[in-house]
Structures are given as structure tokens and as C-alpha cells.
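Visitor: Each chain, letter by letter, is given below.
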Amino acid sequence: AQSVTQPDIHITVSEGASLELRCNYSYGATPYLFWYVQSPGQGLQLLLKYFSGDTLVQGIKGFEAEFKRSQSSFNLRKPSVHWSDAAEYFCAVFTGGGNKLTFGTGTQLKVEL
Amino acid sequence: NAGVTQTPKFQVLKTGQSMTLQCAQDMNHEYMSWYRQDPGMGLRLIHYSVGAGITDQGEVPNGYNVSRSTTEDFPLRLLSAAPSQTSVYFCASQRGANSPLHFGNGTRLTVT
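Protein chains in written order, with the working numbering: chain L, 441 to 553; chain B, 2 to 113.
It is worth saying that the hints were derived from the structure and are not from the lab.
Built from N, CA and C at the ideal position, the CB exists for glycine as well.
Fair warning: there could be bad hints in the mix.
To be verified - As a list, the in silico BS3-like pairs of lysine-lysine whose alpha-carbon atoms are at most 30 Å apart:
1) L:489 with L:540
2) B:10 with L:501
3) L:508 with L:540
4) B:10 with L:550
5) L:489 with L:508
6) L:540 with B:10
7) B:15 with L:489
8) L:550 with L:489
9) L:501 with L:550
10) L:540 with L:501
11) L:489 with L:501
12) L:508 with L:550
Claimed, not checked - For the chain L half of the interface with chain B, some residues (derived, Cβ under 7 Å), not all of them:
13) 472
14) 482
15) 489
16) 545
All chains, please: the whole structure from these sequences, using the hints.
Guide: Listed below in C-alpha cells is the structure:
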């Protein structure tokens, strides 16, 4: 069965610093990959997605992610973090068959001013 | 644009009580799903539907029932609430199987 691992439960960065959130997946073929963000008390919002083609994908709010097949990874990056980026981030993988989207356990981002 | 609307926002139940969490979407999406979110466990799929009249079980379906009589609505029923069902519940819709999910703002349920 497919799985998604987000190894960092909590990350703290200073405002203006760069950010990388890690995501690894387990699946035999190329999956569809997503990053979602959840602000406190809110539902999840899509940041970006990868289906095929260019392995570097751009998303909203200045985020990007790079798909690396050899490492089974889909890490999320942002060059300069803003205080409003403090939230929880979820990586998810869709591998087909009905509506089977598997989420990672999330990474909580704290931004220090 | 309402998107996905969930009601209620908060609910407290006693063990053994039943209730229905409501979910409605106005985007004419065929796919709808229910997730529960628990600390350290991410989101886990409870039930999903690929169209009116069609539902299927997800990863953690026990204790929950769903039906999909219209494209817009996808209610989640707890037949006999248990403390293990204390969680935050999210409803989501999507246009197709691999399309991005559109989430509601969640229902925080506490079972005492």
C-alpha cells in the first residue's frame, strides 16, 4: 500500500529565512503528488500539485516543490518565509482507484519574527 | 462562492448518541469524501463517493455511515458515538479522481 512520510513534525524558521519541508512517498509507479496547507481552525488549502512533466512545480504564496523519482521525494520549498506562512503542511499522494488520497502526518511550521 | 460547507462547526455528544454531520458543495463536483484528523495521524479517509448513489469505504469506516442522494450533499452519520470518535472531521469535494480536494472548514466533535 502507498504511504507518505513527513519526517519533521515541527520546524521553526526565522522570518526571511529559506524553508524546506520534506516528503517521501512509497509507491511503485509515478504518483500524483500534492502539498496542502492548513491554517488554525481552517480546512486544508491546495498549495501545489505534480502530475507529470516538469519536476519543479510552482504553487501559490511563493511555494515550489521538486519531484525526485530517484529519492521518492516531493519536498516543499520557499526562498523567504513570511510570518503568515506559520501553519501545518501536509503532503499527499494519489495512486488511483476511487478516491484514495493518502496524507502524511503533517509538519507544523513556526515562524519566528 | 460558498465552496464546501460543513455544519455544525462544533458538537459535543454523549457516548451512545447519534448525529449527522452535514456537508454540502455548490461546485457540481462528482467526488466527495469525509476525513477525520487526529493529532500525529494526519487525515484519514472515512468514506467517499464518486457520484450520487455511489459510496465506498475508506481507511477508517467503522462506526460511520454515509449516503449520497444528490450531487450536492454528502452527510456523515454516527450511529452510536464513542469517545474514540472525538476528532475533527473534514468534508471535501473534487471534480475528478486525481483533482485537488476542496475542503470545508471542519467540524470539531467531542464525545464524552
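Visitor: Hint by hint, say whether it matches the structure.
Guide: How the hints compare with the structure:
no. : hint             : result
1   : L:489 with L:540 : holds (16 Å)
2   : B:10 with L:501  : holds (27 Å)
3   : L:508 with L:540 : holds (22 Å)
4   : B:10 with L:550  : holds (26 Å)
5   : L:489 with L:508 : holds (14 Å)
6   : L:540 with B:10  : holds (26 Å)
7   : B:15 with L:489  : violated (40 Å)
8   : L:550 with L:489 : holds (23 Å)
9   : L:501 with L:550 : holds (16 Å)
10  : L:540 with L:501 : holds (27 Å)
11  : L:489 with L:501 : holds (14 Å)
12  : L:508 with L:550 : holds (26 Å)
13  : 472              : holds (5 Å)
14  : 482              : holds (6 Å)
15  : 489              : holds (6 Å)
16  : 545              : holds (4 Å)
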